[in-house]
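Listed below are the residues making up each chain.
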Amino acid sequence: MQLKLFVLSASSVVLWLIPLAALDKKLDIHKALQGVSLCAAIACAVSAGNIARELAEESEIEAMKTRAITADVVDEIAVSAYVSQQQRQQEAEAILASPGEDLEASRQALEAIYSADLPEPEVTTLATASEPTPLDKSLYAEICKSREVGKTNTWIIENILKMKGRKFADGKVKLQELLSKFEGEA
Amino acid sequence: MKAMYLANYFVAGCVAFSLLGWIASLHPMAMKAVLFLLAAIAIAWGLSWLLDYSLSKLLKISVADLQALLIGGLAMLLIGLGVFICS
Chain B
1 MQLKLFVLSA
11 SSVVLWLIPL
21 AALDKKLDIH
31 KALQGVSLCA
41 AIACAVSAGN
51 IARELAEESE
61 IEAMKTRAIT
71 ADVVDEIAVS
81 AYVSQQQRQQ
91 EAEAILASPG
101 EDLEASRQAL
111 EAIYSADLPE
121 PEVTTLATAS
131 EPTPLDKSLY
141 AEICKSREVG
151 KTNTWIIENI
161 LKMKGRKFAD
171 GKVKLQELLS
181 KFEGEA
Chain L
1 MKAMYLANYF
11 VAGCVAFSLL
21 GWIASLHPMA
31 MKAVLFLLAA
41 IAIAWGLSWL
51 LDYSLSKLLK
61 ISVADLQALL
71 IGGLAMLLIG
81 LGVFICS
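For the protein sequence lines, the chains are B and L, in the order given.
If you count the first sequence from 1, position 46 lands on 46 in my numbering, and the numbers rise without skipping.
If you count the second sequence from 1, position 6 lands on 6 in my numbering, and the numbers rise without skipping.
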């Protein structure tokens, strides 16, 4: 299409200028040739103008499409950001609105975990008591989660009960005690 | 591409005025007719230039567009007839 446009444009200029400037005036058909070439030049120029106008309109439509797609993408990103923010807000509100007992139990468990003096607190006296403490519950919940994920007992003893090296054997015993206590209750 | 389309219509206008000159060169009566036509075009052009605001409202285009059209038309006339006369 563009090639046609350029050929028509060039031929219109050539048909306009060449017969006027270069045609031999002694020829009998000089005037007739000039008239024909001028008419042809007008036809070529108008055709080329129409083609160029169509192409310009098409490119304008393409530009509009590109702008619309860009605006859609921006809008989609904004919507997803808004939705995720709303979800997080709802989750936070749900946590805040949960029953006080659970909150209290969670708070106690967290306190028990973080108030230990050692940097890596050992769980030495957790499973010894007959009544399960909130810390036992939280440990058991973590153990269950780890088992669901497919973690081994060794990993659980080392990372959840924090009993590595020489204390690994004690950890193994405590893991068994915890499991027997809670699974026995169930 | 818009420049190309404007340029092609401009060339078409120039060739049209050259064709008018060619018609004028065919016969003395044709010359008179063409001169009369050119006089009419000149009067219409002058009136359009003077009445640009009311004409732009009538044609529903901006004054700047109308003035651009008038100047473009004048340039077409000058170039087209100039090329024909000088050849």
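If you're looking for bench data, these hints aren't it; they were derived computationally from the structure.
Treat the hints with caution; some may be incorrect.
To be verified - Sample of chain B residues lacking proximity to chain L, with all beta carbon distances greater than 10 Å (derived):
(1) Cys39
(2) Gly49
(3) Ser59
(4) Met64
(5) Asp75
(6) Ser80
(7) Ile95
(8) Glu142
As the list claims (entries may be wrong) - In silico SDA-like cross-links for lysine to any residue, where the CA-CA straight-line distance does not exceed 20 Å:
(9) B:Lys65 / L:His27
(10) B:Lys4 / L:His27
(11) B:Lys65 / L:Asp52
(12) B:Lys31 / L:Lys2
Since this is a predicted model, take the numbers as computed values, not measurements.
Built from N, CA and C at the ideal position, the CB exists for glycine as well.
Hints, one by one, checked against the model:
no. : hint              : result
1   : Cys39             : violated (7 Å)
2   : Gly49             : violated (4 Å)
3   : Ser59             : violated (6 Å)
4   : Met64             : holds (15 Å)
5   : Asp75             : holds (30 Å)
6   : Ser80             : holds (37 Å)
7   : Ile95             : holds (60 Å)
8   : Glu142            : holds (67 Å)
9   : B:Lys65 / L:His27 : violated (56 Å)
10  : B:Lys4 / L:His27  : violated (37 Å)
11  : B:Lys65 / L:Asp52 : violated (36 Å)
12  : B:Lys31 / L:Lys2  : violated (35 Å)
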